[in-house]
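Colleague: Spelled out from the first residue to the last, the chains are:
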Amino acid sequence: MGSDISKLSLGHSLAVESRVIGALLRREMLTRFGRHNIGFLWLFVEPMLFTVGVTTLWTLTKAIHGSSIPIVAFALTGYSSVLLWRNMPHRCIGAILPNLSLMFHRNVKVMDIFAARLILEMAGASISFAVLSIFFISIEWLSPPEDILQVLFGWGLLTWFGWALAVFLGSVAEESEIVEKLWHPASYLLFPLSGAAFLVDSLPKAAQEAALYIPMVHGVEIVRAGYFGSQINSHYDVGYMIGVCAVLSLLAMAQLRKISRNIIPE
Amino acid sequence: MILLRNVCKSYATRAGMRSILEGVNLTVNRGDQVGILGRNGAGKSTLVRLVGGVERPTSGTIQRSMSVSWPLAFAGAFQTALTGMDNIRFICRVYGVNAEEKVDFIEEFSELGNYLREPMRSYSSGMRARLAFAISMVVEFDCFLVDEVIAVGDTRFHEKCLIELFEKRADRAKVIVSHDAHYVKSHCDKAAVLKNGKLVMFDDMDDAYFYYSEQ
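From first to last, the protein sequence lines are chains A and B.
Start counting the first sequence at 1; every next residue gets the next number (the numbering used here).
Start counting the second sequence at 267; every next residue gets the next number (the numbering used here).
Hints in this document: simulated from the structure, not taken from any laboratory.
From a predicted model like this one, the values you see are computed outputs, not experimental measurements.
Be a bit skeptical, because a hint or two may be false.
If you only want the chain A side, here are some residues facing chain B, beta carbon under 7 Å, derived [stated by the list, open to error]: (1) Arg91; (2) Ser101; (3) Lys109; (4) Arg257; (5) Ile259; (6) Pro265.
In this text, a Cβ means the ideal position worked out from N, Cα and C, and glycines have one as well.
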């Protein structure tokens, strides 16, 4: 319904799509970071401050994490991954209302608005993770990752999970305000359960099984397996993580399609 | 060509579903100047938003085989927290137009001067309409959708809009919704009347006017 028949070629659609997302990205950067002080550098300076703060706190309180790896390394890998799955949904819930007037332009779709925000969030968390890693490695508080591809693979899975969760919650939130109210406490409670603050191996046997039902745990374990490899005993199931992400993505797309039909731009 | 087939649109309200359009058919060919008359609340804006693809029909099909503008109206299409200039850049990017080449034209045509660097929320409705019109003249559409916006502004600005739209772009199709029969009569060669959710097409302007004014 409502198609531009003459313009159905894939190449044309891709060109339109990249134009729209590019325009939304710049607009998003303007409204979020403005043109004052360090501007868009806040994109990764803010998550870096968070990560450094948490790293410092955990170091000072000598947080117990039940392994021999340094606390800096533990906090960096753990907290950076939290930024991914927590901030992405946070940015998508309630994203539609302030952007309603932009959807007056037919080619600007709900998914484009989500995508622009998600790309920014992903870039912020990833740059922060990379810059801090390089910094800590260069001052020798951290040894370089043993298997960088595995780190990237784990990071990629966490990003996929973050996208799917964000699009799902963002689309459900359009129909129900409860999502916005509940996501805040939920993300808070999920933080200690997400694997950021423990290694599965250090948990009692029964708790390990329960922890491995939580998808983010697998992602964090993979990232840490890539980073520390031989020093720790990692527990993860790539198949389970991919399965959860795939199902969540399907649900997200179905819900997105449902709300897209009923959007009324201002 | 734009083709609407059996288009229905209803909205969920607290009092249940409210049906606005009930089986609307419309064909707009290249170069057609179509006027749509309707009283307040008849569903004119809803119809023009469906034609422009801003909203989707509840049922029925809409096909566009030429480029169609967004509905030029008082509100919508802009983010008021941003400056006029940022909105210009955004819209130009979305439609693949080089904004820097067009800024001079927009500045001159909209007569907004330095206000272009101020957030749009500080604009009056007249200023917004002027900017909306100027920006829409920058993107070359095959068909322009006009929802009342032309009625805004002083006489001189009104004249400028008429020249841009009906003289310089005489060859482009237009769909103009209005409650003003005289306006439609002087600018359109086809007219349709929207009444009770149905659209009735007339070849003769006077027949349309007669149908529109009878209760």
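Colleague: Now tell me if each hint is right for this structure.
Modeller: The hints, checked one at a time:
1. Arg91: violated (17 Å)
2. Ser101: Holds: closest Cβ of chain B sits about 6 Å from A:Ser101, inside 7 Å.
3. Lys109: Since the shortest Cβ distance to chain B is 10 Å, the answer is violated.
4. Arg257: Status violated, d = 11 Å.
5. Ile259: violated (11 Å)
6. Pro265: With Cβ-Cβ at 5 Å, under 7 Å, it holds.
In summary, the structure is inconsistent with hints 1, 3, 4, 5 from the numbered list given earlier, while agreeing with the others.
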